[in-house]
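Residue numbers (the numbering used here), protein chains in the order written: chain A, 1 to 433; chain B, 1 to 327.
Hints in this document: simulated from the structure, not taken from any laboratory.
Please note that the accuracy of each hint is not assured.
Chain B is nowhere near these chain A residues, computed Cβ spacing over 10 Å in every case [claimed, not checked]: (1) Trp172; (2) Gly318; (3) Asp364; (4) Pro399.
Some but not every residue of chain B turned toward chain A, in silico, with C-beta under 7 Å [stated by the list, open to error]: (5) Phe22; (6) Arg25; (7) Gly57; (8) Phe58; (9) Ser68; (10) His90; (11) Gly91; (12) Ser281.
The beta carbon of each residue, even a glycine, is placed where N, CA and C say it ideally should be.
Listed here are the chains, written in short residue letters.
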Amino acid sequence: MSAPDFSVEIFHNEFLPAGAREVNAIVTVTSAGDVASEQPAAAGAAEIIIVDCSGSMAAPITKLIQAREATAVAIDAIRDGVAFAVIAGSHVAAPLFPPRGGLAISSAAVREEAKRELRRLRANGGTAIGQWLQVARRQFETRDDSLRHAILLTDGRNEGESAHDLAAAIAWCEGVFRCDCRGVGTDWKVDELRKISTALLGTVDIVPDPAGLAADFEAMMHASMAKQVADVALQVWTPQHAKIRFVKQVAPTVEDLTARRTQLTPQKGDYPTGAWAAGESRDYHVCVDVQPAGLGQEMLAARVSLVYGTPEGPQALGQGQIKTTWTDDEALSTKISREVAHYTGQVELAQAIQDGLEARKHGDVVTAEAALSRAVALARESGNADTAGLLAKVVDVDPATGVVRLKAKVADADEMKLDTQSSKTVRVKKGPS
Amino acid sequence: MMGTSARTCPECATNVSGTDNFCERCGRELSLSEVSVGSSAAAACHNCGSPAMTADGFCETCGHKAPSGRDHVEIDLGALAGVTDRGRRHGRNEDAMALAVTQTPRGPAALAVVCDGVSTSHRPDDASLAAAETALRVLTAELRTGTPAADALTSATVAAHKTVSDMAAGSEDAPATTIVCACVADAVAVCWVGDSRAYWLPADHSDARLLTRDDSLGEVLVAAGALTETEAVESPEGHVLTRWLGADAEQAEPPHTTSFEPAGPGVLLLCSDGLWNYEPSAAGLAALMPDAAVENLAAAAASLVEFALDRGGEDNITAVLASFPCQ
Numbered sequence: 001m002s003a004p005d006f007s008v009e010i011f012h013n014e015f016l017p018a019g020a021r022e023v024n025a026i027v028t029v030t031s032a033g034d035v036a037s038e039q040p041a042a043a044g045a046a047e048i049i050i051v052d053c054s055g056s057m058a059a060p061i062t063k064l065i066q067a068r069e070a071t072a073v074a075i076d077a078i079r080d081g082v083a084f085a086v087i088a089g090s091h092v093a094a095p096l097f098p099p100r101g102g103l104a105i106s107s108a109a110v111r112e113e114a115k116r117e118l119r120r121l122r123a124n125g126g127t128a129i130g131q132w133l134q135v136a137r138r139q140f141e142t143r144d145d146s147l148r149h150a151i152l153l154t155d156g157r158n159e160g161e162s163a164h165d166l167a168a169a170i171a172w173c174e175g176v177f178r179c180d181c182r183g184v185g186t187d188w189k190v191d192e193l194r195k196i197s198t199a200l201l202g203t204v205d206i207v208p209d210p211a212g213l214a215a216d217f218e219a220m221m222h223a224s225m226a227k228q229v230a231d232v233a234l235q236v237w238t239p240q241h242a243k244i245r246f247v248k249q250v251a252p253t254v255e256d257l258t259a260r261r262t263q264l265t266p267q268k269g270d271y272p273t274g275a276w277a278a279g280e281s282r283d284y285h286v287c288v289d290v291q292p293a294g295l296g297q298e299m300l301a302a303r304v305s306l307v308y309g310t311p312e313g314p315q316a317l318g319q320g321q322i323k324t325t326w327t328d329d330e331a332l333s334t335k336i337s338r339e340v341a342h343y344t345g346q347v348e349l350a351q352a353i354q355d356g357l358e359a360r361k362h363g364d365v366v367t368a369e370a371a372l373s374r375a376v377a378l379a380r381e382s383g384n385a386d387t388a389g390l391l392a393k394v395v396d397v398d399p400a401t402g403v404v405r406l407k408a409k410v411a412d413a414d415e416m417k418l419d420t421q422s423s424k425t426v427r428v429k430k431g432p433s
Numbered sequence: 001m002m003g004t005s006a007r008t009c010p011e012c013a014t015n016v017s018g019t020d021n022f023c024e025r026c027g028r029e030l031s032l033s034e035v036s037v038g039s040s041a042a043a044a045c046h047n048c049g050s051p052a053m054t055a056d057g058f059c060e061t062c063g064h065k066a067p068s069g070r071d072h073v074e075i076d077l078g079a080l081a082g083v084t085d086r087g088r089r090h091g092r093n094e095d096a097m098a099l100a101v102t103q104t105p106r107g108p109a110a111l112a113v114v115c116d117g118v119s120t121s122h123r124p125d126d127a128s129l130a131a132a133e134t135a136l137r138v139l140t141a142e143l144r145t146g147t148p149a150a151d152a153l154t155s156a157t158v159a160a161h162k163t164v165s166d167m168a169a170g171s172e173d174a175p176a177t178t179i180v181c182a183c184v185a186d187a188v189a190v191c192w193v194g195d196s197r198a199y200w201l202p203a204d205h206s207d208a209r210l211l212t213r214d215d216s217l218g219e220v221l222v223a224a225g226a227l228t229e230t231e232a233v234e235s236p237e238g239h240v241l242t243r244w245l246g247a248d249a250e251q252a253e254p255p256h257t258t259s260f261e262p263a264g265p266g267v268l269l270l271c272s273d274g275l276w277n278y279e280p281s282a283a284g285l286a287a288l289m290p291d292a293a294v295e296n297l298a299a300a301a302a303s304l305v306e307f308a309l310d311r312g313g314e315d316n317i318t319a320v321l322a323s324f325p326c327q
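This is chain A alone, in the form it adopts within the complex (with noise of 0.2 Å):
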């Protein structure tokens, strides 16, 4: 497998007025190639589907039948080569196939045989999700690809241990492998399941109508198939006596790396960006305070490179500089990065969600409404639609006084897919400002 080139853009106003130290870019990154023409290699690729078969998933009883078909539609995608294996996963997680754990190699007929042992899916038991991590984890370890990607997917609370062990289990698998979680139903947390995929680098998303299982799994394992390159790094370089204020993914959604950093030096460290897969782009906000210099001095604020390890040791797959000058031209100064605007937006949008959602669950009407009322007002700004429609079910807009309220009656479902929706963001439409 050989690793893609990266394109590395930075988006900032490069000028600062005397003694100012806040330098704020925007760095879209972007892997050579494109998706649709370039397969990447089975070798190297593992994939493990964990699926939730406690006594619950029986109430109703469609919802085992779904999620057995939804992990035979995942299987039949996995091409062949890949390693792979399914989890039942209850208070304890059993190997379902292979039967005996490990991992199987993809065919035609291995993918036949593992369907055939999806029957023997019984709801039975708690949940314990710590346990499933656990398992996937020794199981990926049976063989050394640097692809290793699964599919968790449960319908509710983690309430066959404490929380403790589950934060234990997902920082013994941070790094391992990448995890996308769904929840099916109401009856789950998106808190717990957003700990997981924010740690292991994949999405968090409710499937309320247990039949949109199927073309959900199906689609995770395309895009897990088109992952090219695992464990890319993005490695940020600052002068010394800097201080990283934060590193944030932006898009396609906001993640803050910040407190997830490796350090090198005192001046280099490492952010986790997980894999990629050829053609695919993705914005960061990079904020970095630096002792400020004289007028008309520049300065290297930061460099952010794109680092891939290697057996050889780490490989630099692409760079970019983020410099300023500092001015007294005011019109030079004052200009506002629109890309730097638009993503610090973005930014506010979810955690206006987030926390308006949070306030509602306490019953606090006032904070909910006022978080809820600027989320609406940024969503519109922005032109992120998607957001604007999930938010809507949620609060009512008076279309005279633009007046935000909460919904007198808000579905389940409707306010966990705002939640865990919350942090996608739209792109900023790139142009002269």
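Fit chain B to the known structure of chain A by using the hints.
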């Protein structure tokens, strides 16, 4: 100090005449000549002293960009001296200067070129340096073969225009620069295009005068009575150039020249607008000159640049002084 006194060849130590341009024994160039290229890239960061620099000149420790060697250059050839400085507001020095003292069939001559790259053009810093280098080279060669000063200056300016024009990759990104060049020998001759200026500053300050007329909109508007000189200096339109050197310039007319034979000793000042913006009047500039400036032209040029820096240093500043008579 330069003079006609006996000296030795720096190459082979043979005694040479003060009037020789080349060593009779080894052929080495003897006349003094220097261009404001500055020193090459620094070995260590000017801000923190760290030795590790990136390929494009940023410090690997503190991130500061290394100053260009051209940010501040002082040249002292005795009979003439100059200082150029980035100023306090611009990121780089787009002014350039080139100075020489040479022997001509009519005696010693002090030669000076000041160029101010047009900030709105492409690579203005490269344009000004290339123009200054070319003009000085052509001027020196012409004068040595006996070409009259005014003609030599015109040839030098035309050659500089060609050099800058040839730097253009396309009409959209043509580098551009101003030029003022002078020969101080038995007379004073000046040639210019743009708004870099020459002033005659004699011992008697009341006789100080501006020798050049700017190729600027300000000059046109003042001539038409639409603006006062002060308004022209202060208004942004006043600084819009009507002529310059470069591929996108109209060079239908030859460059401007002027020459005169001073009645007594004095100093010729060539400068960019980074200086004269703060003191456009000849009498005012003469008053800024330290006492006995002729004794130490380098110090006098430095004090003029310092004056502009103290007043804000909005633009790049260049001041070159040559004493008359040339010794």
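Okay, the hints, checked on the actual structure:
1. Trp172: Trp172(A) clear of chain B: closest Cβ-Cβ about 36 Å, beyond 10 Å.
2. Gly318: Non-interface label on Gly318(A) holds, nearest chain B Cβ at 16 Å vs cutoff 10 Å.
3. Asp364: holds, 45 Å
4. Pro399: holds, 49 Å
5. Phe22: It is violated, given that the least Cβ distance between Phe22(B) and chain A is near 43 Å, above 7 Å.
6. Arg25: violated, 49 Å
7. Gly57: violated, 9 Å
8. Phe58: holds, 4 Å
9. Ser68: With Cβ-Cβ at 11 Å, over 7 Å, it is violated.
10. His90: holds, 6 Å
11. Gly91: holds, 5 Å
12. Ser281: The hint is violated - Ser281(B) has no Cβ within 7 Å of chain A, the shortest such distance being about 27 Å.
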